[in-house]
Amino acid sequence: MRDVSIIGIGQTAVAEHWDKSIRDLAVEAAQAARRDAGIERVDALYVGNMLSGELAGQENLATVIADAAGLLPVEAIKIEAACASGGAALRAAALGVAAGAHEYALVVGVEKMTDYLTDGVTAALAMAADADYEAGHGISFAALNAMLMRRYMHEHKARHEDFAPFSINSHRNAARNPFAMYRQEITAEDFAASPIVADPINILDSAGICDGAAALLIAPSAEARKTRRPPVRIAASAVATDTVALAERRDPLVWQSVADSARLAYAQAKLGPKDIDLFEVHDAFTIVSVLSLEACGFADRGSALKLAAEGRIGLDGDIPICTLGGLKGRGHPVGASGAYQIVEVVQQLRGEAGAAQVKDARVGMAQSVGGSGSVTVTHILQV
Amino acid sequence: MKTAAEVGIAGYGAYIPRPRIATRAIARAWGRDEGGRLPVREKSVPSPDEDTVTMAIEAARGAVARAGCDPGRIRAVWVGTESKPYAVKPGGTIVAEAIGATPWVSAADLEFACKAGSEAMQAALAFVGSGMAPYALAIGMDAAQSKPGDHLEFTAAAGGAAFLFGPPEEALARVEASTSYVTDTPDFFRKQHMHYPEHGHRFTGEPSYFTHSRGASRGLLEALGRRATDYRWAVFHQPNPKFMRRIAAEMGFTEAQIAPGAVVDHIGNTYSGASLLGLAGILDVAAEGDRIFFCSYGSGAGSDAFSLVVTRRLAEVRDRAPLVGDYIKRRQPIEDYGEYLRIARKVRLL
Amino acid sequence: MELPRYHRMRGTLYRLEGSACRKCAHRIFPPRPVCPRCKAQELEPMAFSGRGTLYSFTRVLQPPRGFTNLGTYSVGMVRLDEGPMVSAQIADADGTELQIGMPVEMVTRKLKDAEEHGFILYGYKFRPRLRAAGA
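Those protein sequences? They're chains S, C and F, same order as listed. Using the numbering used here, you'd call the opening residue of the first sequence number 1 and step up by one each time. Using the numbering used here, you'd call the opening residue of the second sequence number 1001 and step up by one each time. Using the numbering used here, you'd call the opening residue of the third sequence number 2001 and step up by one each time.
Derived from the structure by calculation, the hints contain no laboratory data. There could be a bad hint or two in this list.
[Claimed, not checked] Beyond 12 Å from chain F on every Cβ pair, some chain S residues (computed):
| hint | residue |
| --- | --- |
| 1 | Ala13 |
| 2 | Trp18 |
| 3 | Gly53 |
| 4 | Gln58 |
| 5 | Val64 |
| 6 | Leu95 |
| 7 | Ala175 |
| 8 | Arg183 |
| 9 | Gln184 |
[Claimed, not checked] Calculated cross-link-like contacts (lysine to any residue; reagent style SDA-like; alpha-carbon spacing at most 20 Å):
| hint | chain 1 | residue 1 | chain 2 | residue 2 |
| --- | --- | --- | --- | --- |
| 10 | C | Lys1346 | F | Phe2119 |
| 11 | C | Lys1242 | C | Phe1210 |
| 12 | F | Lys2112 | C | Thr1093 |
| 13 | F | Lys2112 | F | Arg2005 |
| 14 | C | Lys1346 | F | Lys2112 |
| 15 | C | Lys1329 | F | Thr2096 |
| 16 | C | Lys1329 | F | Asp2094 |
| 17 | C | Lys1346 | F | Gly2071 |
| 18 | C | Lys1084 | F | Arg2005 |
| 19 | F | Lys2112 | C | Pro1090 |
| 20 | C | Lys1346 | C | Arg1330 |
| 21 | F | Lys2112 | S | Asp132 |
| 22 | C | Lys1084 | F | Gly2071 |
| 23 | C | Lys1084 | C | Phe1210 |
| 24 | F | Lys2112 | S | Asp119 |
Heads up, the beta-carbon is just placed ideally off N, CA and C, and yes, glycines get one too.
Kindly produce the complete structure, drawing on both the sequences and the hints.
Shown next, in the form of structure tokens:
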């Protein structure tokens, strides 16, 4: 297998894009990534997307985007792994390049959510849960995470306000990211006053509905020297799965697919949690950050809240997370989020993160989680 | 009417939904005198996720639990109701499926205004008494309908009960005899596609409720050569506390005999469920050897009367399911008429 | 949900039927084709008692499409007495009376009554246990 690097990145602002369609967004990010690399050639297109069928009435999406971007007759496929679709698309593309099937593969994560009414989006997102045994009972994604959060608070004697630092951190970092959607800093008071979605989860615990696309051009590392920008090596790429229904886990507070994919990624990269300079966590809800940090070995069970309380997750902390806003601050266009995370890690490792730059960043981890911890994609990037 | 072979009630179960609205709130909403005399203090209302079928399932489970029999041997599930969730499609099949009685079972919904439940009881009694079935389940259940603003709205309530008929050796009460008294008397009706029933106001009294309740009661007492004093307990159909007490007194029953079955006083009129719920309330307190007199009434019109004798088994199985009193005590007060309209699904979201 | 799919699930929805593994006796809800513990495929249907305790709960204030006519509602995860855990709506509860660890029991309620073609979907929910000595 060949070593693979990311040679170009592109993204649209995460926003309510009332004047842009799903293909407009995808093409904008795709062209930006090719420009960034200074490479026109694309041998294969991998599109990470969760909901185009449901929210845009469009499947066969990769062909639609290949066509719109002027890439025909290139091989094009859509990769769907719920909210982890963006990360999974990179994984698939990287395998293709590593195996020698392609030289230049383009990954586009895209989601267009705002065309739909909120109750429709809520129902669509719940398709990542078990249709018969969760979504079919009116149990929304927020509700699944709220039940985890309440249980966590019960087992670890935590208060809701203990989760505030995660949201505050994401918003603070988003304020330094021109592509982020929620660029206003928030306070603990704002967090406490935020309206409840599914108790104890409030609006500021949750990533919002939005539109966006992010793209990555990848190539064998041996070719990467020819590109315009410094290449960033994919040191690890790993996927793991768990039961789709939360209730069927032995212990719902142990996110085993997160732990398993991180373990596989650490092994591939021959690195451990202490070697990671920054971690793009899938903070769809604050409780997800907590469970992920614990599953990935950055905190012992029940102690991730302490990590945040001690300020260790900030840009100058020992494990900066969500450095450009995360899902909460940048926004969570679900199938695109995994691709945004990779774009942001590349920005950090290239030293292009501006006011959000993590000093001396050499190793970054990005992790996108689909369902309530049922599928997890972990990438470790290195310069 | 007596069956060829002896038949007993092997199990019974009740159900009353949790929400309750004070009749004062209804009076206030319609500009009536809320300080004046209202027929009952409050009435039960189904939760938004409840209907006649869900309530029948719970009552049926109670009956099966008390009987302790294999539900696969129940040969009939008959639901008497005037609030079928489907105009066409049986609710009885859903109940039968839920309790595990399918597929070797007869299932249907019966309609005879408020006596559809006792109609089901009589059919179940005959089904078992003829030897066609070891067990047959009869349910009377309603999410009672009333036109907003109509005086029926003060009493139209939700609930009912289920009775599992079976062999005499498993009886918690043996059935002595039953009779029906029916004429064509159009005191209350609802046509297809009408949302709410219409009724004949004063006509629902003497020519309807009283004539038929009296006819069936006298018929059964005379056939058995009995008087009210031969019974420990009695239950009548209870559209309101006044009618029930008037017919009971006329037939010679005292307040003490009807009190445990006077469920209307607490939750209102549950239509097809009303007399059955009253009987369940009496079984909750009755002792071995007690005789129970039962008489339903349904508009249209007719009454079914039953004479029962309690066995020792009643006390042994009573605690296997909630008592009527447990359901009465379990209350979720509805604050105002607006919330009532939402909970009772009288305002619909398109 | 589509009619044939609803019909296929009636044992689970109406009677809380899951699976029991003939090889390792593991009890599973909802039913599965392969035992997650011993990987055997010799599974048989098993109806659960419907009694359990509340593992966690929340109140859905922003219902998904198809559930908006309930207003808001409570949902929970229930540890069944026989072992498995199940997620479901919690009936007869406005949320304030719920507590982790409290005993609950299965009831059958309307899950949806505005399905395509207008049919009513009945299924299991749980509620705070009515009577400790109930059968």
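Verification of the supplied hints:
no.	hint	verdict
1	Ala13	26 Å, holds
2	Trp18	21 Å, holds
3	Gly53	16 Å, holds
4	Gln58	19 Å, holds
5	Val64	25 Å, holds
6	Leu95	27 Å, holds
7	Ala175	27 Å, holds
8	Arg183	24 Å, holds
9	Gln184	22 Å, holds
10	Lys1346/C x Phe2119/F	19 Å, holds
11	Lys1242/C x Phe1210/C	12 Å, holds
12	Lys2112/F x Thr1093/C	18 Å, holds
13	Lys2112/F x Arg2005/F	14 Å, holds
14	Lys1346/C x Lys2112/F	17 Å, holds
15	Lys1329/C x Thr2096/F	18 Å, holds
16	Lys1329/C x Asp2094/F	17 Å, holds
17	Lys1346/C x Gly2071/F	13 Å, holds
18	Lys1084/C x Arg2005/F	23 Å, violated
19	Lys2112/F x Pro1090/C	18 Å, holds
20	Lys1346/C x Arg1330/C	23 Å, violated
21	Lys2112/F x Asp132/S	13 Å, holds
22	Lys1084/C x Gly2071/F	23 Å, violated
23	Lys1084/C x Phe1210/C	27 Å, violated
24	Lys2112/F x Asp119/S	15 Å, holds
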